[in-house]
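Quick note, the sequences are listed as chains A and B, same order.
Numbering-wise, the first sequence is residues 1 to 333 according to my numbering.
Numbering-wise, the second sequence is residues 1 to 333 according to my numbering.
In short, the hints are calculated from the structure, not lab data.
Where a beta carbon is used, it is the ideal one built from N, C-alpha and C, also for glycine.
Just to be clear, a hint being listed does not mean it is correct.
[As the list claims (entries may be wrong)] Stretches of chain A that chain B covers, calculated by requiring three or more beta carbons in the stretch to come under 8 angstroms of a beta carbon on chain B:
| # | segment |
| --- | --- |
| 1 | 199 to 209 |
| 2 | 218 to 226 |
| 3 | 230 to 237 |
[To be verified] Taking lysine to aspartate or glutamate and the EDC-like style, the derived pairs with C-alpha atoms no more than 20 angstroms apart in a straight line are:
| # | chain 1 | residue 1 | chain 2 | residue 2 |
| --- | --- | --- | --- | --- |
| 4 | A | K205 | B | E230 |
| 5 | B | K185 | B | E174 |
| 6 | A | K185 | B | E139 |
| 7 | B | K241 | A | D211 |
| 8 | B | K241 | A | E262 |
| 9 | A | K241 | B | E262 |
| 10 | B | K178 | A | E139 |
| 11 | B | K205 | A | E230 |
| 12 | B | K178 | A | E61 |
| 13 | B | K205 | A | D4 |
| 14 | B | K85 | B | D111 |
| 15 | A | K178 | B | E58 |
| 16 | B | K205 | A | D269 |
| 17 | A | K310 | A | D111 |
| 18 | A | K178 | B | D60 |
| 19 | A | K205 | B | D269 |
| 20 | B | K178 | A | D60 |
| 21 | A | K205 | B | E203 |
| 22 | B | K241 | A | D269 |
| 23 | B | K185 | A | E139 |
| 24 | A | K178 | B | E61 |
| 25 | A | K241 | B | D211 |
| 26 | A | K241 | B | D269 |
| 27 | A | K205 | B | D60 |
| 28 | A | K205 | A | E175 |
| 29 | A | K178 | B | E139 |
| 30 | A | K205 | B | D4 |
| 31 | B | K126 | A | E230 |
| 32 | B | K205 | A | D60 |
| 33 | B | K205 | A | E203 |
| 34 | B | K241 | B | E230 |
| 35 | B | K178 | A | E58 |
| 36 | A | K126 | B | E230 |
| 37 | B | K85 | B | E314 |
[Said to hold, decoys possible] Far from chain A by the CB rule (all over 12 angstroms, computed), these chain B residues:
| # | residue |
| --- | --- |
| 38 | L160 |
| 39 | R164 |
| 40 | K166 |
There are 2 protein chains.
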Amino acid sequence: MGGDLAPAVTVEGALRAHRERGLQVLLVGDEQRLKIELRRLGAGETELRVHHASEVVEMDEQPGQALRKKKDSSLKVCFDLVAAKEVDGMVSAGNSGAVLAGGLFVLGRLDGVDRPCIGGSLPTVKGRAVLVDMGANVECTPEQIVQFALMGEVYARKVLGVARPKVGVVANGEEEGKGTDLTRKAAAALRLDPEIEFRGYVEGKDVFSGDFDVIATDGFTGNVLLKTAEGAVWAFGQMLKRQIQSSTVASAGALLLGPALEQVRKRVDYEEIGGAPLLGVHGVAMLAHGRSTARAILNALSAAELFAQKQLEEDLTAAARRGATLFTQRAAS
Amino acid sequence: MGGDLAPAVTVEGALRAHRERGLQVLLVGDEQRLKIELRRLGAGETELRVHHASEVVEMDEQPGQALRKKKDSSLKVCFDLVAAKEVDGMVSAGNSGAVLAGGLFVLGRLDGVDRPCIGGSLPTVKGRAVLVDMGANVECTPEQIVQFALMGEVYARKVLGVARPKVGVVANGEEEGKGTDLTRKAAAALRLDPEIEFRGYVEGKDVFSGDFDVIATDGFTGNVLLKTAEGAVWAFGQMLKRQIQSSTVASAGALLLGPALEQVRKRVDYEEIGGAPLLGVHGVAMLAHGRSTARAILNALSAAELFAQKQLEEDLTAAARRGATLFTQRAAS
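Bound-form chain A, shown alone:
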């Protein structure tokens, strides 16, 4: 029920995930409204099951409070189903703070994890990079950044299939002396880890180069970075559009260029990514964009399935513990 276009688009995405990729999807929410949507889409009785939940967490509600008060909200019930292992994972396009709160308080942190984080997906010229944290934890300790990096590395390796992910920490320059106390401590600890390919600092301009597969930072910087990239590409598009409108030749060019532009737009669009995983909690929960299209929901469900299949709890726990050890090691050396 969460998200700007729910439930119509959410149901359509789920139905497509079932029909196109054979996923078993359980819809959680207002039974009557969901069944209307299913009928509208011509879904057969047996295609998607519905699990009734009478309440909805609104997009602007205070997350913790909403989850506590609305025990029969689609989001809370969905989390309960994951916690009870009645489903293998969940996707929500709803209130992202509430999804994070659900991860923390309903699913619970994995052993050794200080703070769970959200793994965003950044398009690069070579593919995609994982951005940890993309906004869950606004103020962080070096230990947390290290854990984000190591959990992100597991995700890139096991779910995205990158053989040996290259890991970086966001800073204002490449040299070791750059950055803040926070980034320097995090980088120094990551440099001690023989199990990962740590490539040091990554500057804003190199985030999209494909030279890094895992990009670690605090949630404040991660959010600014991700949204700035979106904003810059949007602004570039707006400027180009105006320039094109002022010239017939350019308009003709734009027409011919249309399909190529559309291909690139798709590559940088969240629609194709689908979901951002919560890393560091029990079970699988994927955050989808609030304005997710049916295609975005479909992709998020696929990503959740893949994440669940990989059964990463042990690996993520090990990564978080290794992160903590790096600091003990550093203090001892």
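We have chain A; now place chain B onto it with these hints.
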């Protein structure tokens, strides 16, 4: 002598500033090399004067040390000329840390200024915004961010000619409760100032919307923001290029679109901006990009001239003092 393409490109830019805009430019650096460049460009004996300086601060030198040791470096001598008021302002495409150090230690801070900052220029769909700080101060206090904002506001109003600049503080969301302790304190203080148009938080995606003329943040975030925007547009261009190369139709389209694309490229390019002012020091010093073209140097010199003409020391001092007062007010209320 500083910058990746110096002195050839620097001299060419200076000569163009003289010929095209009537600026009186003094070249500071190795007399022999500068005169060779001037001859190569067919400059007359009286067009540009040369002030000899025997040393050069390298791009990767430790800033403070370099300035102290190389007393006859082009950068140090240039700062001395500004401090002695023998010139009205200076431009350097050299070691940016050393330019900052020169501002601090040779020119000196304006009364009441805690830390000087660098005002970057961000292209927006409506024009340009000033980004303060774009990288000089990696770790900041709320008081410093407030001073950056107020000094940036003076620059936007007096030099860029924005009648009533709209001021924002970078954060991970628009709501007052978002951000960090740092941003919340800075925003709360700015909200108390009746002399400026404070619009609250600005998210990464809105940085380019033109809804803000002055965008205040710490130097770490400012650097990440600026470089991420550069990187995102670059990556988008790379992806588009590849897509175009795989299709004849798209190639034809790109050919027709070329001039429009070039116009947009110019708008987002640092070349057209030229320089980033040091705000909060005595005198005028402009940082130019290390890879500045002649056109970038020309524009930086023009910007320095305009800045010098406006005689902003009083206004900047008043802004800095007002910033400090906002915190006293806040503590008292």
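(request) Starting from K205 (chain A), check that the Cα of E230 (chain B) is at most 20 angstroms away, please. (result) holds (6 angstroms)
(message) For a C-alpha distance cap of 20 angstroms, please report whether K178 (chain A) and E58 (chain B) respect it.
(response) holds (18 angstroms)
(request) Measure nothing beyond the straight line between the CA atoms of K205 (chain A) and E175 (chain A); if it is 20 angstroms or shorter, mark the hint as holding. (result) holds (14 angstroms)
(message) Can you confirm whether the C-alpha distance between K178 (chain A) and D60 (chain B) stays at or below 20 angstroms?
(response) holds (13 angstroms)
(message) Hinted pair, alpha-carbon criterion (20 angstroms max): K178 (chain A), E139 (chain B). Please report holds or violated.
(response) holds (11 angstroms)
(request) Verify the proposed pairing of K178 (chain B) with E61 (chain A), using a straight-line Cα cut of 20 angstroms. (result) holds (14 angstroms)
(message) Between the alpha carbons of K178 (chain B) and E139 (chain A), is the straight-line distance 20 angstroms or under?
(response) Between K178 (chain B) and E139 (chain A) the Cα gap is close to 11 angstroms, so the pair holds against 20 angstroms.
(message) So if I understand the rule, the pair passes when the alpha-carbon distance is 20 angstroms or less; does K126 (chain B) with E230 (chain A) pass?
(response) Satisfied, since the Cα-Cα distance of roughly 17 angstroms is no more than 20 angstroms.
(message) Count the residues of the segment 199 to 209 of chain A whose Cβ falls closer than 8 angstroms to any Cβ of chain B, and tell me whether that reaches three.
(response) holds (count 7)
(message) What's the verdict on K205 (chain B) and E230 (chain A), does the C-alpha distance respect the 20 angstroms limit or exceed it?
(response) holds (6 angstroms)
(message) Please verify whether K178 (chain B) and D60 (chain A) have alpha carbons no more than 20 angstroms apart.
(response) Given pair K178 (chain B), D60 (chain A) holds - Cα atoms ~13 angstroms apart, limit 20 angstroms.
(message) Check whether the Cα positions of K185 (chain A) and E139 (chain B) lie no farther apart than 20 angstroms.
(response) Holds, at roughly 15 angstroms.
Checked against the numbered hints listed earlier, the structure breaks none of them; every hint is satisfied.
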